[in-house]
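So the sequence lines, in the order shown, correspond to chains A and B.
Under UniProt numbering, the first sequence has 135 at position 135, and the numbering climbs by one with no breaks.
Under UniProt numbering, the second sequence has 115 at position 115, and the numbering climbs by one with no breaks.
Worth flagging that the hints you see were computed from the coordinates, not collected in a lab.
These numbers were taken from a predicted model, which means no experiment stands behind them.
No residue lacks a Cβ here, since even glycine has one placed at the ideal position from N, Cα and C.
Incorrect hints may appear among the rest.
[Unchecked claim] Lysine-lysine pairs mimicking DSSO-like chemistry, simulated, CA-CA at most 27 Å apart: (1) 509/A x 19/B; (2) 507/A x 71/B; (3) 580/A x 191/B; (4) 521/A x 323/A; (5) 507/A x 191/B; (6) 51/B x 551/A; (7) 35/B x 116/B; (8) 507/A x 404/A; (9) 35/B x 19/B; (10) 509/A x 71/B; (11) 116/B x 521/A; (12) 364/A x 564/A; (13) 71/B x 177/A; (14) 116/B x 71/B; (15) 564/A x 521/A; (16) 35/B x 521/A; (17) 438/A x 51/B; (18) 177/A x 194/B.
[Claimed, not checked] Computed from the model, here is a short list of chain A residues facing chain B with C-beta under 10 Å: (19) 323; (20) 414; (21) 416; (22) 418; (23) 520; (24) 531; (25) 532.
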Amino acid sequence: MHVAHSCLLGLVLLTSLTHEVPTEESSGSPSKHLVNETRHHGSAHHLETDSRVLRVSSGRTQDEAVLHNSGNHESAHQPKNISEVAIVSFKWDHVQEPYVIVLWIFVAGMSKLVLELNHHVTSVIPESGLLILIGFVLGGIVWGADKAQTFTLTPTVFFFYLLPQIILDAGYFMPNKLFFSNMGAILIYAVIGTCWNAGAVGLSLWGCYEGGAMGNLDIGLLQFLLFGSLISAVDPVAVIAVFEEVHVNEVLFILVFGESLLNDGVTVVLYNVFDSFVSLGGPNIDAVEIIRGIISFFVVAFGGALVGVLFAVLLSLITRYTKNIQIIEAGFIFVLGYLSYLTAEMLSLSAILSITFCGVCCQKYINANMDERSVTTVRYVMKVFANGSETMIFVFLGVTAIDKAIWVWNTGFILLTLFFVLLYRFIGVFVLTWILNKNRLVPIELIDQVVMSYGGLRGAVAYGLAVMLDDKKITEKNLMISTTLIVIYFTVILQGVTMKPLVQWLKVKRAAETEIKLVEKVNNRAFDHILCAVEDICGRIGDKWWTRGWKRFERNYISWLLMKPKPRKSKDQLFGIFHKLNLEDAMNYITEGERRGSLAFLKKEDDVQVDFKKKFGTDVEDMMPDIMVDTEHSGTDHVPVISFMRDPVPSVSLDMHEQDLQGMRGGVDAHHLLQEHLYRSRKHHRHKYSRSNFSINQSEDEVQEIFQRTMRSRLESFKSTKMGVAPGKVITKHPQKERQQKVRGHPKNFLVFYLSATGKNPKSHCVKNKEFQIYLESPWSFVKSFKSNVFNFFLCLYHTSYRNVISLQMANGKPTDRSRSHPYGDEDFEFSASASASDSASGGEGATAGGYSFRTPYTVGAGIENPAFMPEMDTPPPMHAPPWLNQPETDGTVVASQRAQRRLPWTPSQIRRLAPLRVSTRSEDSFVMADILSPDVDPEDPQPRQDRSHK
Amino acid sequence: MGGLNSVPDDQRYRELADKTGFSLEQIGNLHNRFKQLSHNEDTLRRDDFSKIPDLACNPIRAEIIEAFFDKRNFQSHGVGTVEEIGFEEFLTIMSYFRPPSLNMSEEQREELRRIKLRFLFNMHDTDNDGTITLEEYRHVVEELLSRSGALGRETAKGIADAAMLEVASISMGHMEPDEFYEGITFEHFLKILKGIEIETRMHIRFLNVDTTVLCK
Chain A
1 MHVAHSCLLG LVLLTSLTHE VPTEESSGSP SKHLVNETRH HGSAHHLETD
51 SRVLRVSSGR TQDEAVLHNS GNHESAHQPK NISEVAIVSF KWDHVQEPYV
101 IVLWIFVAGM SKLVLELNHH VTSVIPESGL LILIGFVLGG IVWGADKAQT
151 FTLTPTVFFF YLLPQIILDA GYFMPNKLFF SNMGAILIYA VIGTCWNAGA
201 VGLSLWGCYE GGAMGNLDIG LLQFLLFGSL ISAVDPVAVI AVFEEVHVNE
251 VLFILVFGES LLNDGVTVVL YNVFDSFVSL GGPNIDAVEI IRGIISFFVV
301 AFGGALVGVL FAVLLSLITR YTKNIQIIEA GFIFVLGYLS YLTAEMLSLS
351 AILSITFCGV CCQKYINANM DERSVTTVRY VMKVFANGSE TMIFVFLGVT
401 AIDKAIWVWN TGFILLTLFF VLLYRFIGVF VLTWILNKNR LVPIELIDQV
451 VMSYGGLRGA VAYGLAVMLD DKKITEKNLM ISTTLIVIYF TVILQGVTMK
501 PLVQWLKVKR AAETEIKLVE KVNNRAFDHI LCAVEDICGR IGDKWWTRGW
551 KRFERNYISW LLMKPKPRKS KDQLFGIFHK LNLEDAMNYI TEGERRGSLA
601 FLKKEDDVQV DFKKKFGTDV EDMMPDIMVD TEHSGTDHVP VISFMRDPVP
651 SVSLDMHEQD LQGMRGGVDA HHLLQEHLYR SRKHHRHKYS RSNFSINQSE
701 DEVQEIFQRT MRSRLESFKS TKMGVAPGKV ITKHPQKERQ QKVRGHPKNF
751 LVFYLSATGK NPKSHCVKNK EFQIYLESPW SFVKSFKSNV FNFFLCLYHT
801 SYRNVISLQM ANGKPTDRSR SHPYGDEDFE FSASASASDS ASGGEGATAG
851 GYSFRTPYTV GAGIENPAFM PEMDTPPPMH APPWLNQPET DGTVVASQRA
901 QRRLPWTPSQ IRRLAPLRVS TRSEDSFVMA DILSPDVDPE DPQPRQDRSH
951 K
Chain B
1 MGGLNSVPDD QRYRELADKT GFSLEQIGNL HNRFKQLSHN EDTLRRDDFS
51 KIPDLACNPI RAEIIEAFFD KRNFQSHGVG TVEEIGFEEF LTIMSYFRPP
101 SLNMSEEQRE ELRRIKLRFL FNMHDTDNDG TITLEEYRHV VEELLSRSGA
151 LGRETAKGIA DAAMLEVASI SMGHMEPDEF YEGITFEHFL KILKGIEIET
201 RMHIRFLNVD TTVLCK
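Only chain A is shown next, with the shape it has when bound in the complex:
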């Protein structure tokens, strides 16, 4: 109960509700008290009133004494006489335990929130230190309330519930290449360094004790060594917390971090060995026992790592087959990771090493095997867990300190420990680095060594081990705990605070804060091969040779076993980065568009994709064979890229968006557009309550309805254009001859809606291509006739600077439908609207541009092209990514290269010319006009919008 109480007090504090801490709380019923606390943060008066309320509401009729008693665990669940049915009952004891736990978690989270409110403080004092300080305050409050510390960080909680996820997170996000290439150094620091620290600290303390520096203590040599082993471990939690804020260079980081991870394992092993020595007692230890200790050291360490690897293999294998339970596949890593920890613990192997290696080894395979969304989930959940428990650990470390019972002060012991810990850390690092540097091609520099030594922060692992000491065997247990706590506070708070200035002062090479760059990756890749080749040429079997051998083995056997075939084929790091950057770009692009509130901007995406289609025509066809049935018509798409590249005016416009956007800004009356066009989809009102399905519903009906609407409006607008109802056109500079581009669908396979808007000389208001056939009165009736789910509908846009062709193609799996849907019995079901667009920036370019045309495939679900609707449907970023983002994930082949497309060196001139055209995608008028006017100035905005909207 006290725990609960203190908990609430913490809460109260955090919500900054000032209230006097009641001092005689123990007399009242805790449950009653709790309620009062929550409701009123109350004074004595409130306590009284509320207890009555409580009594009434809980339907109890007992007298005061019974109520008081009900606070006891025993009587809480069965009130003595129940004379009437309880309407509501208050069952604090029922929920007490989880409630308290959750409240503490909440408190820890809130303290972090409070901390982060002020950036000035966190930039000086590292967060971990601040959390400990907050812990002091919380602990003080608990102490003030309970007169004893009722909440401490117990080893069980720490080792079983708080530590594993942090280590798993560290392993999972481990930069593998860096880690393994520095593995030797890390192992030497972790194993030899830790043993050295443990031994040296233990022996020196013992020496000082014998010398009389600590007064009279009941500690023998073995106990000192045991203490030395628990105090020697550099703590990963503390190290990550501090070093993440400092941004040292990556080699230094991986050395400190890797060491801290691995030496935890070592420390635990050492601790166990010394612990058993202590149990044996000094005289019983002979050489055999020592040798057994050393053997057990290696068995425990490597055994733990092996268990981790085995679980990683299992995990990777499982994720190969989780396609059908995608929704829970992300959970496996947590479950199996934890299992690997527990298994190692069960076998008395090093659990920390086990879970570390589980994370390190599985990351590549599970990331490749799982769905991209699951991977994202894993990453986030991992971070939530790790960060959460890190916060809790630090807060609890602070809370724990406020306890008179554990504080035993011995100035000599404590100060000497601090001194030796620091001293031997420095000595150890310098000596080991000196040895390592003899063999390292890139030596570890002196200032790096200083930072490494100074970064030897101790943390909760040491504390956990100290608390686990058996006070029967070690009578000075409390002294050890308090010393450990002092060391932790000293290193985390003091060294943590001074770390940043030190790093700045020493001018330690910082990590270059650069975003990943494709060029760099390409160059790195080339590098590796070059170095490899040179090694081959000079005939040395060197590092690269081993790496390559391993890589080949890994690719041929391990990947074969653990990875799904598809990602195995397409998994390439370079490609992965390319893909990632593309995704990023696309997101930014859309976000930017949304920020500017322009929907038409987003519309432009398809035009960008047009390029893509053109450029990657062949690949896209591979990806969507069912849609691209009419390959014969996509002939223009196969224009070799080279010819494209040699566009007479190749150029780069890095700021292309900016320009397009300028042309667009203010031009698009989004509201109007929305009102006219937006199908207020039922999507918003109808959710699929499926546990295993996580997609936005796009039912067939809905899609068809949208389609109908779109078609109707389009047809209307088309008619108006045809009849000359459209608003007046502006004169073009270069009226040009037009070639009609005609797309004919293959009659056997599908129907082609063909709506082409082609050459019309606006000056003379004459439609040059009078090919204007409407075979179809009502496209929506046609659609209705489709019963099959599989109608693939997509839209092709043929855009060039002087041609604006829109063709809607419907690919239908059922040719039989055709006759029905097609009242005139024509072979080709086509409908072409000729409209304007003769203009071009320059005739010379026109000639080149004439050689090809653009084309956009649309494949969102049953792909409906609705200018207003599409953006709305497509934009919510990760969950429902636009088609050009989805395709590469599902098909594993070529990405719609948004990045490559967006600002290609040789496309901008085209794109720029096209830009105004995109302002209003189908409106020939605006097209004409905008093209004449500079894209920046767009005085006629309302017009095309109008025009478009009643299309």
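Here the structure of chain A is known, so what remains is to put chain B in place on it, guided by the hints.
This is chain B only, laid out in the frame that chain A set:
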């Protein structure tokens, strides 16, 4: 071509050591390897390189081998390629891959960096016009990716284009839409690889022990 006599001569070695910075043992080892590769001839030809079995699976071996025959990489300021190289040229090329020495001043480091990057640059810039054009770059990327299975040429092109754009955006900043980015110049090359500590990475370990017996 300044080939060596098959009998190693101390004086000659010492000259080379001064020139390239290798130790005498290293030069000895490399010479053994050289003879092994050239079948005791004085010169190496392209064929000799292509026969190295480990090299066979290197996707960009063509470029690498070409670098050995590129006059630009010998410190004689020539242009063009040669048909065969002697030991000195071989050693010169190898010296590009020497690790940096322990105590170097900032300028030396910068210089070393320039030299190493120049070597890389020349490898990309096949037509020696001072810029890595898009086509040249594409070619390299294609070769790089050629081993990785399903990724086709189109992807390679896409990646090359995107990378090129990145270079353009890094080195040119804002460009007018009609401007044309011709290719990566050496200055830009330096700039984009600023983040990579080339001087500490572009090296291999030259042993003082002879390992030629171990290799085919």
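Hint check results:
no., hint, verdict
1, 509/A x 19/B, "32 Å, violated"
2, 507/A x 71/B, "41 Å, violated"
3, 580/A x 191/B, "23 Å, holds"
4, 521/A x 323/A, "31 Å, violated"
5, 507/A x 191/B, "22 Å, holds"
6, 51/B x 551/A, "22 Å, holds"
7, 35/B x 116/B, "26 Å, holds"
8, 507/A x 404/A, "43 Å, violated"
9, 35/B x 19/B, "20 Å, holds"
10, 509/A x 71/B, "37 Å, violated"
11, 116/B x 521/A, "18 Å, holds"
12, 364/A x 564/A, "12 Å, holds"
13, 71/B x 177/A, "35 Å, violated"
14, 116/B x 71/B, "15 Å, holds"
15, 564/A x 521/A, "25 Å, holds"
16, 35/B x 521/A, "36 Å, violated"
17, 438/A x 51/B, "35 Å, violated"
18, 177/A x 194/B, "21 Å, holds"
19, 323, "19 Å, violated"
20, 414, "41 Å, violated"
21, 416, "37 Å, violated"
22, 418, "35 Å, violated"
23, 520, "6 Å, holds"
24, 531, "6 Å, holds"
25, 532, "6 Å, holds"
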